[in-house]
Structures are given as structure tokens and as C-alpha cells.
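Student: Respectively, the protein sequence lines represent chains A and B. Mapping to this note's numbering: the first sequence position 182 is 726, numbers consecutive. Mapping to this note's numbering: the second sequence position 242 is 319, numbers consecutive.
Bear in mind the hints are in silico, worked out from the structure with no lab data behind them. Do not take every clue at face value.
Stated by the list, open to error - Derived, one-sided and incomplete: chain A residues facing chain B with beta-carbon distance under 10 Å:
#1 G593
#2 L625
#3 I633
#4 V636
#5 A648
#6 G654
#7 Q684
#8 G688
#9 G691
Unchecked claim - Simulated pairs of lysine-lysine, BS3-like, Cα-Cα distance not exceeding 27 Å:
#10 A/K595 with B/K243
#11 B/K475 with A/K595
#12 A/K594 with B/K443
#13 B/K138 with A/K650
#14 A/K594 with B/K501
#15 B/K530 with A/K694
#16 A/K668 with B/K475
#17 B/K443 with A/K595
#18 B/K530 with A/K679
#19 A/K665 with B/K530
#20 B/K106 with A/K594
#21 A/K650 with B/K443
#22 B/K546 with A/K656
#23 A/K651 with B/K530
#24 A/K694 with B/K501
#25 B/K475 with A/K651
In this text the structure is predicted, and so the values were computed from the model without any measurement. Every residue, glycine too, gets a C-beta built ideally from N, C-alpha and C.
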Amino acid sequence: MLSIENLKAKIDEKEILKGLNLDIKPGEVHAIMGPNGSGKSTLSNILSGKKGYEINGKVTFDGENLLELETEERAHKGIFLAFQYPMEIPGVNTNTFLKTSINAIKKARGEKELDAIEFLKLIKEKSAELKFDEKILNRQLNVGFSGGEKKKNEILQMSILNPKLSILDETDSGLDIDALRIVSEGVNSLRNKNNSFLIITHYQRLLDYIKPDFVHVLKNGQIIKSGDFELAKELEKVGYEDFN
Amino acid sequence: MDSRQKEIDSLKDYKYGFSTDIENTKAPKGLNEDVIKFISNIKKEPQWMLDFRLKAFERFKQLKEPDWQKPKYPKIDYQDLYYYSAPKSMKDKPKSLDDLDPKLLETYKKLGIPLQEQARLNGIAVDAVFDSVSVATTFKEELTKQGIIFCSMSEAIQKHPELVKKYLGSVIPTTDHFFATLNSAVFTDGSFVYIPENVKCPMELSTYFRINASETGQFERTLIIADKGSYVSYLEGCTAPMRDENQLHAANVELIALDDAEIKYSTVQNWYPGDKDGKGGIYNFVTKRGLCKGINSKISWTQVETGSAITWKYPSCILKGDNSVGEFYSIAITNNHQKADTGTKMIHLGKNTKSKIISKGISAGKSDMMYRGLVDISSKADNSRNFTQCDSLLMGNKCGAHTIPYIKNKNLKSNIEHEATTSKISDEQLYYCNQRGLNQEEAVSLIVNGFCKEVLQQLPMEFAVEAQKLVGISLEGSVG
Ligand SMILES: Nc1ncnc2c1ncn2[C@@H]1O[C@H](COP(=O)(O)OP(=O)(O)OP(=O)(O)O)[C@@H](O)[C@H]1O
Ligand SMILES: [Mg+2]
Numbered sequence: 545m546l547s548i549e550n551l552k553a554k555i556d557e558k559e560i561l562k563g564l565n566l567d568i569k570p571g572e573v574h575a576i577m578g579p580n581g582s583g584k585s586t587l588s589n590i591l592s593g594k595k596g597y598e599i600n601g602k603v604t605f606d607g608e609n610l611l612e613l614e615t616e617e618r619a620h621k622g623i624f625l626a627f628q629y630p631m632e633i634p635g636v637n638t639n640t641f642l643k644t645s646i647n648a649i650k651k652a653r654g655e656k657e658l659d660a661i662e663f664l665k666l667i668k669e670k671s672a673e674l675k676f677d678e679k680i681l682n683r684q685l686n687v688g689f690s691g692g693e694k695k696k697n698e699i700l701q702m703s704i705l706n707p708k709l710s711i712l713d714e715t716d717s718g719l720d721i722d723a724l725r726i727v728s729e730g731v732n733s734l735r736n737k738n739n740s741f742l743i744i745t746h747y748q749r750l751l752d753y754i755k756p757d758f759v760h761v762l763k764n765g766q767i768i769k770s771g772d773f774e775l776a777k778e779l780e781k782v783g784y785e786d787f788n
Numbered sequence: 078m079d080s081r082q083k084e085i086d087s088l089k090d091y092k093y094g095f096s097t098d099i100e101n102t103k104a105p106k107g108l109n110e111d112v113i114k115f116i117s118n119i120k121k122e123p124q125w126m127l128d129f130r131l132k133a134f135e136r137f138k139q140l141k142e143p144d145w146q147k148p149k150y151p152k153i154d155y156q157d158l159y160y161y162s163a164p165k166s167m168k169d170k171p172k173s174l175d176d177l178d179p180k181l182l183e184t185y186k187k188l189g190i191p192l193q194e195q196a197r198l199n200g201i202a203v204d205a206v207f208d209s210v211s212v213a214t215t216f217k218e219e220l221t222k223q224g225i226i227f228c229s230m231s232e233a234i235q236k237h238p239e240l241v242k243k244y245l246g247s248v249i250p251t252t253d254h255f256f257a258t259l260n261s262a263v264f265t266d267g268s269f270v271y272i273p274e275n276v277k278c279p280m281e282l283s284t285y286f287r288i289n290a291s292e293t294g295q296f297e298r299t300l301i302i303a304d305k306g307s308y309v310s311y312l313e314g315c316t317a318p319m320r321d322e323n324q325l326h327a328a329n330v331e332l333i334a335l336d337d338a339e340i341k342y343s344t345v346q347n348w349y350p351g352d353k354d355g356k357g358g359i360y361n362f363v364t365k366r367g368l369c370k371g372i373n374s375k376i377s378w379t380q381v382e383t384g385s386a387i388t389w390k391y392p393s394c395i396l397k398g399d400n401s402v403g404e405f406y407s408i409a410i411t412n413n414h415q416k417a418d419t420g421t422k423m424i425h426l427g428k429n430t431k432s433k434i435i436s437k438g439i440s441a442g443k444s445d446m447m448y449r450g451l452v453d454i455s456s457k458a459d460n461s462r463n464f465t466q467c468d469s470l471l472m473g474n475k476c477g478a479h480t481i482p483y484i485k486n487k488n489l490k491s492n493i494e495h496e497a498t499t500s501k502i503s504d505e506q507l508y509y510c511n512q513r514g515l516n517q518e519e520a521v522s523l524i525v526n527g528f529c530k531e532v533l534q535q536l537p538m539e540f541a542v543e544a545q546k547l548v549g550i551s552l553e554g555s556v557g
């Protein structure tokens, strides 16, 4: 469903991705690990359509040229990014944001939008599943949320939107042990033969819960090695420095 | 793009920009005693009203147009304007909505204010002012039962002269300042409201102002009196056709709250702002002032200012009664070449008086926004308090925002607090929203509505929804 061929990306004349290849099929879970600054967030941003990069290469999503689509169009087609640093938007109620989001996507797909009652029902169900304190949804979006609350909020949004491709950019960083389990369950419950995941992480622990189908090592803007879950364990032992 | 397409596109931006082709009765062009007599005469006004106008005109001739405001504009030729224009069909005033010229009914329907249905469905009483005259007031009978007077100013002058005589000009004296004095001389119509003692007005009262005729100034006059222990919530909405010329709108609005009375005055101002290059649009130079005359009285202004080429107004409260409260909640949005110089004045005269100012200014495009506010606590106003919060939001880097708070505290027992912030919508915030499926316009609208929330909350429900949409629409195209 997602195919990346020889992807190169520059920002302000600085080369970040230097010919990256990756193929994700429906239902697969891929993990990407790599040192700080290796380009992991850059990759997530390019896939989800952040502006400002000079891009070369080919990226298709369900056979369509992804790079030509607007950010929101990608979201409509089912691409979701759980941000490494979710943005605060003062004054905007979190519930309102979620509802606007899901209805914008439904509208773009020509589906019926949710009314207030249907939406609340969905929210209730999903927050219960994720053991997410609903009270927080009445607060301004991410404003004053703790680091972990912000991350959990991203996962709640993911489970509400039920995306085809979910990209999690270090969602596990800064989570306590319980939250880590919740996030993993969030991912696992969405897992099926159509939904795929690209999970960026620094730690094997998350992968213990999620059990990815593939693990890739991103270094210097390229995937230098791919393997299965064992690769993560090896990395944990050796570190990136000596990993070639 | 051919010119027709252009026209269609611009209509899309300002959907109230159509004009109604209707025959008008106009006063001769120009400003002089004869024109004032013409206006007074056509309205069959009593002598005292004409005297009021002429006195104001005498004064006006000695006044100089102010020029201290931030937005400058080309000199207005006051002799080149019409001061009265009314649909011919209004000459013999229709007795009911059913007798109203269908073209007028159609106009209001297009504006989203179907007078007939509005009357039945919404439970909001509307006074509709078309150019210089009030064309219809709905729900009259129901209000009358409770002793509430809600009618056009012209009718009030005829039917309730004692109230008009007593209160007209009591808050904004005819000698006040250039535009207010001009209004006192030539005002044409507007709304009049009187709420009797201890009556809580059971519905929202609202006036809808429409400028239609070209080269015509609109000088309306509104007077609201809330007698002891009464309450009223009043709403004002406005639109105008798109024209290349600038049109002047110089209204006077006076509010009087007696002991324990409360007036809530909300405005959703959406006059034509001019085109993308700054051509045309309304000059909205309005004087709005409320007098908290009685003890424990309260006046609250809420304004959502999205239209006009230039908005220049400071809805104010004079807190005369002890324990009286004044509030000002404002959202002002300028886009393209729009300019606004707006704010409020809170004059604390009584003891234990309180005022609160929440101002949200949003500027986009090449527009320029100024908040100017005065808080004046007199030496007698013991234990008085003001809280002011002024937030500005900038979109892009070609617009401007300025804040000038004037603070005069002459009482050591009183206290003024002022907070101000300036922020920008960040690309990261927009990206976050886009990633969640919102397009650029939806994202901007959401973020800006969040920024304005405290003010939007003050509006009555139905209008809050309208206002939210308006906030989104008026910023369309403001980010890449
Ligand atoms: N706007 C920018 N201008 C210049 N350099 C940038 C910009 N954005 C990112 N970079 C650089 O690109 C490189 C890759 O950044 P990226 O955020 O993708 O790393 P990462 O792999 O996600 O790192 P981490 O593990 O710390 O999150 C870094 O060296 C970063 O400093
Ligand atoms: Mg990163």
C-alpha cells in the first residue's frame, strides 16, 4: 500500500534523507529505529505532507502519487501521524477538535458526518478501551497536558479515525509503563489485514508489546538494515555506533 | 479571468454584496438646513425634534473632522452625499408585513432574515432598517402585552415623545464630537426600545441594518432604555452591497440602564469590507455609549467586527450608579486592506463600580488593527476595579496590530489590571490540523475561533453559531 523508492529530502540545503526505500503492505507493522537526527521525523513528515522540504524520489500510496496530495487529502485517504511533539492549540476544546477532524474526513469521503450524540458515543467507547480519562477532552487541545497525556491523546485520535496507515513518531517516549501498555493495545486493537503501521521508536520495550513484522535501521538518511524482531534486540545490545 | 467570473468569485466572498433594484425617495444631495428640514418633514416630526436637529447642525458647522485615528481615509465630501433615501413604497407606511413591498421581503430573505418566517420560527423580534427607514418590526403585539416598546425611532418620536425627549442625547450629547453631532442633525431611523420596570424581556430584540442605495450615508439612531429592575438582550446585524465607492455609516447608539437593570448589546458587524485591493467598502464610524445610571445596573457590549473598510468605534460605559458594572467583549478581524481602530472607554464615576474588557484582535493580509481603550477611575469611585485583557493574533507578516491602553486612576482605593499578548498562528499548528483532515480554511477558522472563544461565549446561541462561521469566512484566503 505504501511504496517509497529512492526518497531524498533536503531542507535549507541540508540533505536529510539520502535515498530511502521502503515497502509496506496492507496489514503489516514496520518499526524504524535509528539514532537522533537520522531523519525519522523527517520521513514521517514527508509522508504526511508537511511543507518545506525539497523532495526527490517516488512515493505511492494505494497506487497514487502521494507527494502530489495536500496534507489534508492524505489524511482523508487514511494516513495518520501521531506526532512526536503534538501541538497545543489554545482555546480549542479537545472534543471539538476531534469532532471537526473526524467529520472533515468523513465529509471528504462522502460519508455521513457524526452528530453530537454519535460522536459522544464513539468517544466514550474509545476512551474506555484506552482507559483514557475523558475529562481531559473538555480541556483546550494539548494545553497543559503532560507529556504522556499528549501522547495518549494522539493514540485516542488514531483509534477514533481508524487510519489505513498509522505513523507513530516516538509515541512511546516519555510514557510510564501503564501508558506504554495502553498505547500498544491501541495499536494492536486497530491491527487487521488492511491497517498498516510505521512505528518509530528508540526502545525495544514497545516492540515487545507490539511485535512488528519488520524492523528497519535508519542511519544517515538511509535504511541500512532490515530484519525481523530479532534485529531490535541486537540493536539494543550493540547500539547504533557500531552498527553497520 | 473574465469580468463576469470575477464578479461571481467576489460574490462568493461577500454573499451579502447584492443590491436591490428599488425605487427610492431621496433628499436632495448635500448637507444644509433644507435637507434637515426635508428629513424632519418627511418623517412628520414635531417641532422639538427639528429644533434638536438644527441645534446639532449649528454645532456641527463649527466642528472639525478628527484626524487622530490610526486609519486615514480620503477626505469625505459631505456635500456630495445623500442624507436620506427610502424605498418609495414606504411612503405610506405599510400596516403589516403582508403589505410590505415583496422586493424588500425578498431582500431580507436573501440576507438570511426572512422577516415573515423569522417572526414565526425564531422567537426573535426584528426591526429591519433599509437605508434610511425602518421597514418592519416583528413580534410587536406580543411585546406590547408586557409593556415593552420596540419600534422604529421615527415611530417612537411620534408615539412616545416624552421618553424620546427625556433620553435622546442624554448619553451622547448633540455637542459630543464630529460624527455624533452630524448624526444628531441628520439621523434617519433606527430602533427604539423601552423595557418597563421589573420586566425581563422574553425574547432577543434585534435590528438588522441594510445599506442599499449608493452615495448614501446611513445615519441611524438607536435608543434603549431599561427601566428599574428590567433586562434586555439586544442584537444588531449589518450588511451592505458591494460598491466601488466608500459609504459612510455614522450611527449613534445610546443605552440607559436604571437601578438594577441590565442591558446586553451584541453586534455582528459585517458591512462590505471592500475588495481585495482595498477598493470600496463601508466606513463604519459609530458612536456607542451606555450609561449605567442607576445603582447595581449593568451594561455589556459584545461586538464581532468583521466587515467595513474602516471600523472606528469605542462602545463605552459610563458607570455612574454605585455598584454598576460595565463589560466590553470584542472580536475585531481585519483582512486584505481593512483597517480598524476600536476599543472601549470605561468611565468609573460611582463607588464599587467594576469593568471588564476582553478584546481579541485578528489581523491578516495587509490589514491594520488598533486597540485603543480608556479606563478612567474618578476620585470618587472608591473600591472600583477594572480588568483588561487585549490579545492580538497576527496572520502572515504584512499586517499590523497595535495596542494603546490609556489608564487614569485617580482613586487610591481602586485598581486597574491590564494584560496584553500578541501571537501568531504557527505553521506547525496548521500542519497539525491539516494532518487531521482539516483544510487550510477550516484550520484557520478553528484556531481563530479558539482564540476568540471568551467573546463568542457572550453571544446568544443562534448568533454565536453565525458569528463563528463569519469569523471563518472573513479570514478565507488569508493563509497560503
Ligand atoms: N527545518 C530544519 N532546518 C535544518 N535542519 C533540520 C530542519 N528540520 C530537521 N533538520 C535536521 O534534520 C535532521 C533529521 O531530523 P529528524 O527530526 O528527522 O531526526 P529524528 O531521526 O527524528 O531524530 P530524533 O530521534 O531526535 O527525533 C536533524 O539533524 C535535524 O537537525
Ligand atoms: Mg524525531
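Student: Taking the hints in turn, state whether each one holds.
Tutor: Hints, verified against the model:
1. Taken as an interface hint, A/G593 checks out: its beta carbon lies about 7 Å from the nearest beta carbon of chain B, inside 10 Å.
2. A least Cβ separation of about 5 Å between A/L625 and chain B falls short of the 10 Å threshold, and the interface hint therefore holds.
3. A hinted interface residue such as A/I633 counts as satisfied when its beta carbon comes closer than 10 Å to some beta carbon of chain B; here the least separation is about 6 Å, so the hint holds.
4. Look at A/V636: its Cβ gets to within about 4 Å of chain B, closer than 10 Å, so that hint holds up.
5. Taking 10 Å as the C-beta contact cut-off toward chain B, the hint placing A/A648 at the interface holds, the least distance being around 4 Å.
6. Hint status for A/G654 relative to chain B: violated, with the closest Cβ pair at about 14 Å, above 10 Å.
7. The interface hint given for A/Q684 is met, as the beta carbon of that residue sits about 7 Å from the closest beta carbon of chain B, less than 10 Å.
8. Against a cut-off of 10 Å between C-beta atoms, the interface hint on A/G688 is violated, since the closest Cβ of chain B lies about 14 Å away.
9. Taking 10 Å as the C-beta cut-off, the interface hint given for A/G691 is violated, the closest approach to chain B being about 16 Å.
10. For the suggested pair A/K595 and B/K243, the alpha carbons sit about 63 Å apart, so the restraint of at most 27 Å is broken.
11. Distance restraint check for B/K475 and A/K595: the Cα-Cα separation of roughly 21 Å lies within the 27 Å cut-off, and the hinted pair is therefore satisfied.
12. Restraint check: the Cα-Cα separation between A/K594 and B/K443 comes to about 26 Å, which is no more than 27 Å; the hinted pair holds.
13. Pair hint B/K138 plus A/K650 does not hold up; C-alpha atoms about 62 Å apart against a cutoff of 27 Å.
14. Among the hinted pairs, A/K594 with B/K501 is consistent with the structure: their alpha-carbon atoms are about 19 Å apart, no more than 27 Å.
15. Taking the CA atoms of B/K530 and A/K694, the gap is near 22 Å; set against the 27 Å cutoff, the hint holds.
16. Annotation: proposed proximity of A/K668 to B/K475 is violated, straight-line Cα distance about 44 Å (limit 27 Å).
17. Straight-line distance between C-alpha atoms of B/K443 and A/K595 comes to about 24 Å, which keeps the hinted pair within the 27 Å bound.
18. Straight-line distance between C-alpha atoms of B/K530 and A/K679 comes to about 19 Å, which keeps the hinted pair within the 27 Å bound.
19. For the hint linking A/K665 to B/K530, the alpha-carbon distance of about 25 Å falls within 27 Å, and the restraint holds.
20. Using a Cα cut-off of 27 Å, the hinted pair B/K106 and A/K594 is violated, with the two alpha carbons roughly 58 Å apart.
21. Under the criterion of a C-alpha separation no larger than 27 Å, the hint pairing A/K650 with B/K443 is inconsistent with the structure, at around 35 Å.
22. For the suggested pair B/K546 and A/K656, the alpha carbons sit about 21 Å apart, so the restraint of at most 27 Å is met.
23. For the suggested pair A/K651 and B/K530, the alpha carbons sit about 25 Å apart, so the restraint of at most 27 Å is met.
24. Restraint check for A/K694 and B/K501: satisfied, since their Cα atoms lie roughly 22 Å apart, inside the 27 Å limit.
25. Of the supplied pair hints, the one linking B/K475 and A/K651 is violated, its CA atoms being roughly 34 Å apart against a limit of 27 Å.
When the structure is compared with the earlier hints, violations turn up for hints 6, 8, 9, 10, 13, 16, 20, 21, 25 and for no others.
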